[in-house]
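S.K.: These are the residues of each chain, in order.
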Amino acid sequence: ETDSMVVHAVHWFRKGLRLHDNPALQEALAGADTARCVYVLDPWFAGAAKVGVNRWRFLLESLEDLDASLRKLNSRLFVVQGQPADVFPRLFKEWNVTRLTFEYDSEPYGKDRDGAIIKMAQEFGVETIVRHSHTLYNPDRVLEMNGGNPPLTFKRFQALVNRLELPKKPLPTVTAEQLAGCRTQLADDHDERYSVPSLEELGFKNPGKGASVWKGGETEALERLGKHLDRKAWVANFERPRIKAHSLFASATGLSPYLCFGCLSCRVFYHHLRELYLKLRRRSSPPPSLFGQLLWREFFYTAATNNPNFDRMEGNPICVQIPWDHNPEALAKWAEGRTGFPWIDAIMTQLRQEGWVHHLARHAVACFLTRGDLWISWEEGVKVFEELLLDADWSVNAGSWMWLSCSSFFQQFFHCYCPVGFGRRIDPNGDYIRRYVPQLKDYPDRYVYEPWNAPEAVQRASGCVVGVDYPKPMINHAESTRLNIERMKQVYQQLSHYRGLSLLASVPTIQEEAEPLLSDDSQAGSSGKTDTQTCAVWGCGLFLLRPWPEVFCLCGGVFLTC
Amino acid sequence: IYPQCIRLRRGSSEKAVQGSFGLDATAEWGCLPQEILLQIFQYLPLLDRAFASQVCKGWNQAFHMPELWRCFEFELNQPASSYLKATHPDLIKQIITRHSNHLQYVSFKVDSSTESAEAACDILSQLVNCSLKTLGLISTARPSFMELPKSHFISALTVVFVNSKSLSSLKIDDTPVDDPSLKVLVANNSDTLKLLKMSSCPHVSPAGILCVADQCHGLRELALNYHLLSDDLLLALSSERHVHLEHLRIDVVSENPGQQFHTIKKSSWEAMVRHSPKFNLVMYFFLYEDEFGPFFRDDVPVTHLYFGRSVSKEVLGRVGLTCARLVELVVCANGLRPLDEELIRIAERCQHLSAIGLGECEVSCSAFVEFVRMCGRRLSQLSIMEEVLVPDHKYGLDDIHWEVSKHLGRVWFPDMMPTW
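One line per chain: the protein sequences are A and R, in this order. So the first sequence is numbered by UniProt numbering: it starts at 1 and just counts up by one. So the second sequence is numbered by UniProt numbering: it starts at 1 and just counts up by one.
Hints were generated in silico from the structure; no laboratory data involved. Don't take each hint at face value.
[To be verified] Reference listing, derived: stretches of chain A covered by chain R, where coverage requires no fewer than 3 residues with Cβ under 8 Å from a Cβ of chain R:
#1 286 to 294
#2 315 to 325
#3 396 to 406
#4 478 to 491
[Claimed, not checked] Distance condition first, Cα-Cα at most 30 Å in a straight line; then the derived DSSO-like pairs of lysine-lysine:
#5 R:LYS278 x A:LYS489
#6 A:LYS489 x R:LYS85
#7 A:LYS489 x R:LYS313
#8 A:LYS333 x R:LYS85
#9 A:LYS155 x R:LYS394
#10 R:LYS394 x R:LYS313
#11 R:LYS150 x A:LYS489
#12 A:LYS279 x R:LYS394
#13 A:LYS244 x R:LYS313
#14 A:LYS489 x R:LYS194
#15 A:LYS489 x R:LYS133
#16 A:LYS155 x R:LYS406
#17 A:LYS472 x R:LYS150
#18 A:LYS15 x A:LYS169
#19 A:LYS489 x R:LYS171
#20 R:LYS133 x R:LYS197
#21 R:LYS85 x A:LYS383
#22 A:LYS489 x R:LYS197
#23 A:LYS111 x A:LYS155
Ideal Cβ positions, reconstructed from N, Cα and C, are used throughout, including at glycine.
Using the sequences plus the hints, can you model the full thing?
M.R.: Given below as structure tokens:
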């Protein structure tokens, strides 16, 4: 057996922190003589405020879980500190690596980083194998079906993926037999050099003891999946679950952080859900709404994959340029839950303490920060969520913020979430407020959402005087709504050159909805002539009709009519 | 332009030097007639035009041609309060010194800082030689004009009123304009004023705006807050000498919970409709649910109706009974009782309804399909949040869009929100 036949494999974990449904890992193990599983951790990154303690804790717990699972298979996880570009040359030499595997990362930054690593690996004579398993569908495939452009409406996206084959069936978990064939060589000082660091070691002083509400790791993820599917009544009736007050609290069956870190394979989730539905309902095909959560994730990954400016306004071809206000003081009040609106403050407090809030709560605080009340840029919201939210990854976080601030995706902006009324309609008793804004726990239901309207006697009796024990409301909501509706209208009317009186018509409709899908007669009904031109300003390839023959682009770039 | 350029080239000397683009000597470009330069410059954004003006004397002269300075938008932003760029102070100086008498259509876009609002007033006070036709004061974020000392603002504004004498369009929403300054406006521009937008100007009284309506008979578009609306105002706008009003926009805003609002007589509205049968009445409501008492008791000729806060089922029921001219209805929120009957009634009674938007509301799928069937193809805008539709025995969420699409004659889906 010559040296060139020996295979020393390294599997590089980034997301995809699991042993089940991990095709890249399977490729590492196939016919390898030795195999090591590596996670590269940049300690400098922990110091940057960008990623909060709850996200680090979740990551470290997930890595511990991987390490424990690998230990059961006579292997270990190698946590290497440093940056990939520096770490890999060292490892390639030290371990005589011949094969590197990792899961495909569709995000622009990830693609650049991976491109550089692949190139460098080639120089070392290392074969690189990349496999898709973070998304249900390959984003490039969807783009191809849409003429190279990402679909910008969810319905269009759904229509496209409906025509694709079903997502691939997940692969089984890595077994002891597979690993037995490729021994992992462990040094005596493995724990010193390669163990999972603690939060203190990463520089978090007093990270807080006690079990976190969301425990990281594949083991926890799979347990939760089981419980989630056990809620058969929900799946069987399959009604759109209407939100109840208790939905606001962290759920023992919630899965979004595990999908984000890859502790749970989205394909496993998808296929389990599908099989359960078919078993219970005996219908031939589950409705697309069954997979709502998963498909939104796919939508944003697809929209972001070729757009390195996806998380900012300037230079982002799909983002409307809105003259947001620059107000660090107001932003801080929002981020720290000191707005004086208990509903908003409760949500931001839960977010900071636990790392997750319900999607309707996200809508409420996103609207409040941007187009609803404070008129601050969604980019600031992205940064705060990136720090605090367990399931925020680059594509989904930025995309959702653009959607909720009506900065893209052709959203109507007329519906504003009231920071008093919306919460009250979901949770009339105010249990959620009392839990996360404890100063207000003794307030009567009538005033718990708007304590500033309570008579002084009530405030004193409840032990919390507004302006002293709890902040006054930082803005007048009715006044802000009035101003902001005008602002949004001004922006959109300038964009669409619409001069009429209709509020709804100010927002352009995208041609991709009007266009019938190819070979699908039942969906015929386009509204007039169409023509394509590339936007002269950003080359974004979008085109909109308002009305024919005027043509303009979402970014504001103008090109000549034909 | 191209054929003219070709003629120029052919007329040039034989010994022309080849430039870097294979063109003839740059002297030719310098000889382009001013009319051609004007056309080209009109296509260029301001910054590019400014660069071009540095090239040679001829192009510099073209840059300063009056035709290029009729319209200008001053962008006044401070880095501390805005991400946007601002118009360069040197350019502003140049405009004031060389072009103030060319300016006709001017707007100021101001961010939320007081400095920007002050800078706008500063410029306004210097526009002494101007004969403006259009003036717009637009705050892109918070209304910073309101932070200025009132007298400072008024004196700057009256400079324009007094000097222009031919103002046709004036947008001064969210500013501290007052009754005396409106008198000055009227005294100088009553023959020409066609458009006046002054929503949320708290220092103006009903008498102040009445003065405008009495004197400015050419007024076609007016926007103001409800507290300025009076029966007298409507009668003045419908007087014989007055032109047909095109549209009237009214913002109804609650300052404090439990605020009381006055009523407008049905006869005043009727006079308006008789005088201007085609006029559009746009009403935006920002009230608490229990403040709607005086509204929608009698027929009101509203065409575009927006409820920016939660509005009760009962009020929406009254809308169906009193708003026969309704063209667009947009409801931000209603609450958790289905609006089935109210929507059906609106479909029946508002025969001109062509646009509807529902936010945080509830409607049963059957009632919604019936509503769409009754309205049919006249619904060109149908924006319904997905959560609004409540599945029932007849329709589920996954098939309702087919039913609706059938009646509309085009593919329709509800509006969606991400559920991450």
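S.K.: Confirm or reject each hint.
M.R.: Taking the hints in turn, this is what the structure says about them:
Coverage of the region 286 to 294 of chain A by chain R holds [criterion: at least 3 residues with CB-CB distance below 8 Å; count 5]. Here's how the region 315 to 325 of chain A fares: 3 of its residues keep a CB closer than 8 Å to some CB of chain R, so the rule of at least three is met and the hint holds. Coverage of a stretch by a chain is defined here by at least three residues with a beta carbon nearer than 8 Å to that chain's beta carbons; for the region 396 to 406 of chain A and chain R the count is 5, and the condition holds. Taking a C-beta to C-beta cut-off of 8 Å, the region 478 to 491 of chain A contributes 9 residues in contact with chain R, enough for the three needed, and the coverage statement holds.
Only pairs whose Cα atoms come within 30 Å are accepted, and R:LYS278 paired with A:LYS489 is accepted, the gap being roughly 24 Å. About 21 Å separates the Cα atoms of A:LYS489 and R:LYS85, which keeps this hinted pair within 30 Å; it holds. Taking the CA atoms of A:LYS489 and R:LYS313, the gap is near 27 Å; set against the 30 Å cutoff, the hint holds. Of the supplied pair hints, the one linking A:LYS333 and R:LYS85 holds, its CA atoms being roughly 26 Å apart against a limit of 30 Å.
As the CA atoms of A:LYS155 and R:LYS394 are separated by approximately 23 Å, the hinted pair is consistent with the 30 Å bound. For the hint pairing R:LYS394 with R:LYS313, the CA-to-CA distance comes to about 24 Å; that is within 30 Å, so the pair holds. Taking the CA atoms of R:LYS150 and A:LYS489, the gap is about 28 Å. The hint holds against a cut of 30 Å. A distance of roughly 24 Å separates the Cα atoms of A:LYS279 and R:LYS394; the hinted pair therefore holds under the 30 Å criterion.
For the suggested pair A:LYS244 and R:LYS313, the alpha carbons sit about 22 Å apart, so the restraint of at most 30 Å is met. Restraint check for A:LYS489 and R:LYS194: satisfied, since their Cα atoms lie roughly 22 Å apart, inside the 30 Å limit. At most 30 Å may separate the alpha-carbon atoms for a hinted pair to count; A:LYS489 and R:LYS133 meet this at roughly 24 Å. Note on A:LYS155 and R:LYS406: the hinted pairing holds, with a Cα-Cα distance of about 17 Å set against a maximum of 30 Å.
With a C-alpha separation of about 27 Å, the suggested pairing of A:LYS472 with R:LYS150 holds against the 30 Å cut-off. Of the supplied pair hints, the one linking A:LYS15 and A:LYS169 holds, its CA atoms being roughly 19 Å apart against a limit of 30 Å. For the hint linking A:LYS489 to R:LYS171, the alpha-carbon distance of about 15 Å falls within 30 Å, and the restraint holds. Our distance criterion of 30 Å between C-alpha atoms is met by R:LYS133 and R:LYS197, whose separation comes to about 14 Å.
Proximity of R:LYS85 to A:LYS383 is assessed by CA-CA distance (about 23 Å); at most 30 Å being required, the pair is judged to hold. Our distance criterion of 30 Å between C-alpha atoms is met by A:LYS489 and R:LYS197, whose separation comes to about 15 Å. At roughly 27 Å between alpha-carbon atoms, A:LYS111 and A:LYS155 fall within 30 Å of each other, so this suggested pair holds.
Violation of the numbered hints given earlier is absent; every hint is satisfied by the structure.
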